[in-house]
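**Student:** Chains E and H, in that order, give the protein sequences. Numbering that gives the first Met the number 0 puts the first residue of the first sequence at 0, with every later residue one more than the last. Numbering that gives the first Met the number 0 puts the first residue of the second sequence at 0, with every later residue one more than the last.
Calculated from the structure, these hints are not laboratory results. Just to be clear, a hint being listed does not mean it is correct.
Computed cross-link-like contacts, DSSO-like style, restricted to lysine-lysine with a CA-CA straight-line distance of at most 30 Å [as the list claims (entries may be wrong)]:
#: 1; chain 1: E; residue 1: K114; chain 2: H; residue 2: K105
#: 2; chain 1: H; residue 1: K105; chain 2: E; residue 2: K157
#: 3; chain 1: H; residue 1: K105; chain 2: E; residue 2: K145
#: 4; chain 1: H; residue 1: K93; chain 2: H; residue 2: K105
#: 5; chain 1: E; residue 1: K157; chain 2: E; residue 2: K77
#: 6; chain 1: E; residue 1: K78; chain 2: E; residue 2: K114
#: 7; chain 1: H; residue 1: K105; chain 2: H; residue 2: K70
#: 8; chain 1: E; residue 1: K78; chain 2: E; residue 2: K128
#: 9; chain 1: E; residue 1: K77; chain 2: H; residue 2: K105
#: 10; chain 1: E; residue 1: K145; chain 2: E; residue 2: K77
#: 11; chain 1: H; residue 1: K70; chain 2: E; residue 2: K78
#: 12; chain 1: H; residue 1: K113; chain 2: H; residue 2: K70
Just so we're clear, the structure is a prediction, and the values are computed from it rather than from any experiment.
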Amino acid sequence: MLNIYRNTNEWPGFVPFALFDLPARGRTFGQLRQDLDRVFGTYEQSLDGPLAQSGEKAQLRDVGSELIVTIDLPGVSKKDVELTISGDNIFIRATRTLSPPEGYTAHRRERSSFKFEQAFQLPVAVESKTATANLQAGVLTVTLPKSPNAQPKQITVKTG
Amino acid sequence: MTQNIEATAKTQGSELAHQNQEFMPPVDIYENDHELLVLADLPRVTTENLTVEVNHPELKIQGRVPSANHKSDIVYTRTFRLDASMDVAKIEAKITDGVLEVHLPKSEPYRVRKIEVTSA
């Protein structure tokens with residue numbers, strides 16, 4: 000017997016698994032953000048108004064000496080995030096696999112699994128050697144010192 | 000064009016200054032014999048900006064993400080209606096990696112139990 004429910008709107012149903020093919024490089028940050036919105040924002044307008052949705056999924060901030068990229072990745076552990084930086088290109092791969100907890104039955108499943116793979120282009124080249132990535136409170140924060148000549152480098156994600 | 004936008008912003012200035020972005024976070028709801036379990040995606044929300052409150056019969060989850068200028072905080076809100084079978088005093092919540100877990104134990108009479116049948 001389901002004895003807990005939301006008191007506004009009705010959930011439209013199953014949210015399909017979102018999967019993205021690896022696209023060609025050279026996409027802009029704005030396109031990345033749109034794609035992230037598609038991954039997470041499976042919440043269409045219903046007749047009764049907006050349904051469940053999250054805030055802005057990705058932000059790019061220019062703070063002068065460095066660029067700061069933040070991406071919402073709730074429930075994603077650091078081993079499921081991969082970052083590669085090369086010049087002004089950045090590649091991000093993140094996976095979230097959800098399954099019902101052992102011994103429980105599901106009444107409502109709005110949160111979705113996803114596999115996200117995206118390459119995009121930064122507005123300027125960055126210094127990959129001194130870039131850092133931090134995963135905390137379900138948010139990936141990548142700090143990218145600006146640089147004219149960047150070398151490809153694999154960045155290990157660590158929790159803060 | 001820019002002037003028009005600025006003019007509009009000026010006339011609405013005081014309202015825009017403190018406008019929050021309101022969202023309903025996606026949730027999963029699970030049940031077993033002993034409890035209901037609510038999971039909600041609340042990225043960027045930390046414990047100091049998170050409230051889980053029961054004002055019977057409502058359970059309200061609210062998380063806030065302060066913006067840099069405090070002009071448009073992100074506010075996540077979900078409200079649920081509880082029935083009498085929940086043991087309100089024993090509700091527990093924790094947040095890990097931007098995912099909130101709320102455990103709602105069933106009160107004793109509503110728990111599923113197996114009765115052993117004995118023969119006379």
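**Student:** Holds or violated: K70 of chain H and K78 of chain E, Cα atoms, limit 30 Å.
**Tutor:** Violated, at about 35 Å.
**Student:** Assess, step by step, whether the Cα of K77 of chain E is no farther than 30 Å from the Cα of K105 of chain H, and give holds or violated.
**Tutor:** violated, 34 Å
**Student:** When you check the alpha-carbon spacing of K93 of chain H and K105 of chain H, does it fall within 30 Å?
**Tutor:** Holds, at roughly 18 Å.
**Student:** For a C-alpha distance cap of 30 Å, please report whether K78 of chain E and K128 of chain E respect it.
**Tutor:** Satisfied, since the Cα-Cα distance of roughly 20 Å is no more than 30 Å.
**Student:** Is it true that the CA of K157 of chain E sits at most 30 Å from the CA of K77 of chain E?
**Tutor:** holds, 6 Å
**Student:** Quick one, are K113 of chain H and K70 of chain H close enough, alpha carbons at most 30 Å?
**Tutor:** Violated, at roughly 55 Å.
**Student:** Keeping to a limit of 30 Å between CA atoms, is the pair of K114 of chain E and K105 of chain H held or broken?
**Tutor:** It is violated: about 35 Å lies between the C-alpha atoms, which goes past 30 Å.
**Student:** Verify the proposed pairing of K78 of chain E with K114 of chain E, using a straight-line Cα cut of 30 Å.
**Tutor:** Since the Cα atoms of K78 of chain E and K114 of chain E sit roughly 13 Å apart, the hinted pair holds (cutoff 30 Å).
**Student:** CA of K105 of chain H to CA of K157 of chain E, is that 30 Å or under?
**Tutor:** Roughly 38 Å separates the two Cα atoms, so the pair is violated.
**Student:** Starting from K105 of chain H, check that the Cα of K70 of chain H is at most 30 Å away, please.
**Tutor:** Answer violated: K105 of chain H to K70 of chain H is near 41 Å, above 30 Å.
**Student:** Are the Cα atoms of K145 of chain E and K77 of chain E separated by 30 Å or less?
**Tutor:** holds, 24 Å
**Student:** Decide if the proposed pair is consistent with the structure: K105 of chain H and K145 of chain E, CA atoms, cutoff 30 Å inclusive.
**Tutor:** Measuring from Cα to Cα gives roughly 55 Å; hence the hint is violated.
Checked against the numbered hints above, the structure breaks hints 1, 2, 3, 7, 9, 11 and 12 and satisfies the rest.
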